[in-house]
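There are 2 protein chains.
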Amino acid sequence: MGTHLHHPTLKKNQQLVQDVLLASSSPLSAYSILDVLRDQGFRAPLQVYRALDKLVEFGLVHKLESLNAFVACSHEECELDEPAAFMICETCEGVSELNDSKLTGYLGKLASKENFTLKHTTVELHGLCSNCE
Amino acid sequence: MGTHLHHPTLKKNQQLVQDVLLASSSPLSAYSILDVLRDQGFRAPLQVYRALDKLVEFGLVHKLESLNAFVACSHEECELDEPAAFMICETCEGVSELNDSKLTGYLGKLASKENFTLKHTTVELHGLCSNCE
DNA sequence: TGAAAAATGTAATGTTATTACATGTCATTT
DNA sequence: AAATGACATGTAATAACATTACATTTTTCA
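So the sequence lines, in the order shown, correspond to chains A and B.
Numbering follows numbering that gives the first Met the number 0, with no gaps: position 122 of the first sequence is 121.
Numbering follows numbering that gives the first Met the number 0, with no gaps: position 12 of the second sequence is 11.
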């Protein structure tokens with residue numbers, strides 16, 4: 000099922016960025032991460048973007064396209080396929096990651112019905128979480 | 000079924016922006032639209048963004064979050080609910096808009112299962128269309 | 001027709017992301 | 001150990017996307 004192999008040991012900048020994301024209860028923009036990491040010597044956006052690129056590639060971090068922001072993957076070992084969907088609370092900014100194979104399967108069916116070769120899906124649900132309702 | 004009422008007559012800038020989008024075979028960024036409309040007197044991004052805001056509100060235009068770009072709605076009368084999904088070809092940049100009530104329904108079910116009050120969905124499928132495969 | 005609401009014009013600024021180029025680190029091979 | 005090659009990092013500049021602020025004009029409609 001899983002497509003991600005064991006990811007390599009993280010490099011210094013990758014680990015720093017990952018730690019910032021893990022410590023956050025909501026998605027962060029690259030520039031917010033940069034601000035947090037100025038103390039540890041980060042000076043330029045590219046340092047963050049490069050680390051994020053790798054973390055996304057390893058499946059440890061996901062980009063939320065509708066927010067231009069990034070979240071740490073919420074599945075411990077991160078060897079799953081890409082998540083089916085994210086639910087994003089407009090109030091508390093909390094994000095929950097869904098791995099729903101029925102959804103994934105149905106999106107695949109929609110695509111193949113049109114002979115569309117599916118490479119990547121972005122599913123982001125905006126609204127209010129149960130706490131904030 | 001539909002949530003959009005008849006939209007009002009478009010204002011000058013709204014109509015200009017809409018015409019540019021209708022004439023395009025692929026999504027356009029706000030700045031691309033601005034470039035096209037310089038001849039008709041547009042000078043600033045805000046003129047485009049304001050028109051886009053209204054067009055999106057009327058359901059005549061959709062924003063593709065994963066591209067930071069905009070497309071004209073492909074349903075003539077545009078009185079439907081928001082589209083269920085977009086399929087975006089990485090090669091030709093063509094976009095097809097899906098109105099699939101089963102998908103919409105299933106996303107609603109996923110949300111209510113978690114007591115999440117759904118306000119808006121972003122579903123964007125990236126890959127290769129049948130022509131480009 | 002006159003007041004309120006909506007649309008427009010323009011400048012400045014804020015936010016997100018990439019290009020270009022130089023340097024550093026580390027494992028492998030000889 | 002020196003040479004190589006691959007990858008990671010540092011830094012500056014710029015590009016691309018979007019909003020705030022404020023002045024003015026147009027439209028709506030009571």
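Worth flagging that the hints you see were computed from the coordinates, not collected in a lab.
One or more of the hints may lead you astray.
Examples of chain A residues lying across from chain B (beta carbon under 7 Å, computed) [said to hold, decoys possible]:
1. 86
2. 118
3. 123
4. 124
Only pairs whose alpha carbons sit at most 25 Å apart, straight line, appear in this in silico DSS-like list of lysine-lysine [unchecked claim]:
5. B/101 / A/101
6. B/118 / B/62
7. A/112 / B/101
8. B/11 / A/62
9. B/108 / A/62
10. A/118 / B/101
11. B/118 / B/108
12. A/101 / B/11
13. B/112 / A/108
Residues of chain B clear of chain A, computed beta-carbon distances all greater than 10 Å [said to hold, decoys possible]:
14. 6
15. 10
16. 15
17. 35
18. 36
19. 39
20. 48
21. 49
22. 52
23. 65
24. 101
25. 121
All values reported here derive from a predicted model rather than from experimental measurement.
In this text, a Cβ means the ideal position worked out from N, Cα and C, and glycines have one as well.
Hint by hint, here is what the structure shows:
1. The interface hint given for residue 86 of chain A is met, as the beta carbon of that residue sits about 5 Å from the closest beta carbon of chain B, less than 7 Å.
2. Annotation: interface hint on residue 118 of chain A holds; nearest CB of chain B at approximately 4 Å, less than 7 Å.
3. With a cut of 7 Å, the hint placing residue 123 of chain A at the interface with chain B holds, because the nearest CB-to-CB distance is about 4 Å.
4. Of the supplied interface hints, the one on residue 124 of chain A holds, with its beta-carbon coming within about 5 Å of a beta-carbon of chain B, less than 7 Å.
5. Annotation: proposed proximity of residue 101 of chain B to residue 101 of chain A holds, straight-line Cα distance about 12 Å (limit 25 Å).
6. A distance of roughly 16 Å separates the Cα atoms of residue 118 of chain B and residue 62 of chain B; the hinted pair therefore holds under the 25 Å criterion.
7. Proximity of residue 112 of chain A to residue 101 of chain B is assessed by CA-CA distance (about 14 Å); at most 25 Å being required, the pair is judged to hold.
8. Under the criterion of a C-alpha separation no larger than 25 Å, the hint pairing residue 11 of chain B with residue 62 of chain A is inconsistent with the structure, at around 37 Å.
9. Taking the CA atoms of residue 108 of chain B and residue 62 of chain A, the gap is about 24 Å. The hint holds against a cut of 25 Å.
10. With a C-alpha separation of about 22 Å, the suggested pair residue 118 of chain A and residue 101 of chain B falls inside the 25 Å cut-off, and the hint holds.
11. A hinted pair counts as satisfied when its Cα atoms are at most 25 Å apart, and residue 118 of chain B with residue 108 of chain B qualifies at roughly 13 Å.
12. Straight-line distance between C-alpha atoms of residue 101 of chain A and residue 11 of chain B comes to about 46 Å, which puts the hinted pair past the 25 Å bound.
13. A C-alpha spacing of about 23 Å is found between residue 112 of chain B and residue 108 of chain A, which places the hinted pair at or below 25 Å, so the restraint holds.
14. With 10 Å as the threshold on Cβ separation, the claim that residue 6 of chain B sits away from chain A holds: the shortest Cβ distance comes to roughly 23 Å.
15. Every beta carbon of chain A lies more than 10 Å from that of residue 10 of chain B, the smallest distance being close to 27 Å; the non-interface claim holds.
16. Against the 10 Å criterion, residue 15 of chain B stays outside the reach of chain A, whose nearest CB is about 27 Å from its own CB.
17. The beta carbon of residue 35 of chain B is kept farther than 10 Å from every beta carbon of chain A, the shortest such distance being approximately 25 Å.
18. Every Cβ of chain A is farther than 10 Å from the Cβ of residue 36 of chain B; the closest lies at roughly 25 Å, confirming the non-interface assignment.
19. Interface exclusion of residue 39 of chain B from chain A stands, the closest Cβ pair being 30 Å apart, more than 10 Å.
20. No beta-carbon of chain A is positioned within 10 Å of the beta-carbon of residue 48 of chain B; the least distance is around 16 Å.
21. The claim that residue 49 of chain B lies off the interface holds: its Cβ sits roughly 21 Å from the closest Cβ of chain A, which is beyond the 10 Å cut-off.
22. In this structure residue 52 of chain B is separated from chain A by more than 10 Å, as the shortest Cβ-Cβ distance comes to about 16 Å.
23. At roughly 4 Å from the closest C-beta of chain A, the C-beta of residue 65 of chain B falls inside 10 Å, breaking its exclusion from the interface.
24. Remark: the non-interface label on residue 101 of chain B conflicts with the geometry, its nearest Cβ contact in chain A lying 7 Å away (cut-off 10 Å).
25. A beta-carbon of chain A comes within 10 Å of the beta-carbon of residue 121 of chain B; the shortest separation is about 4 Å.
Hints 8, 12, 23, 24, 25, counting from the list given before, are not met by this structure.
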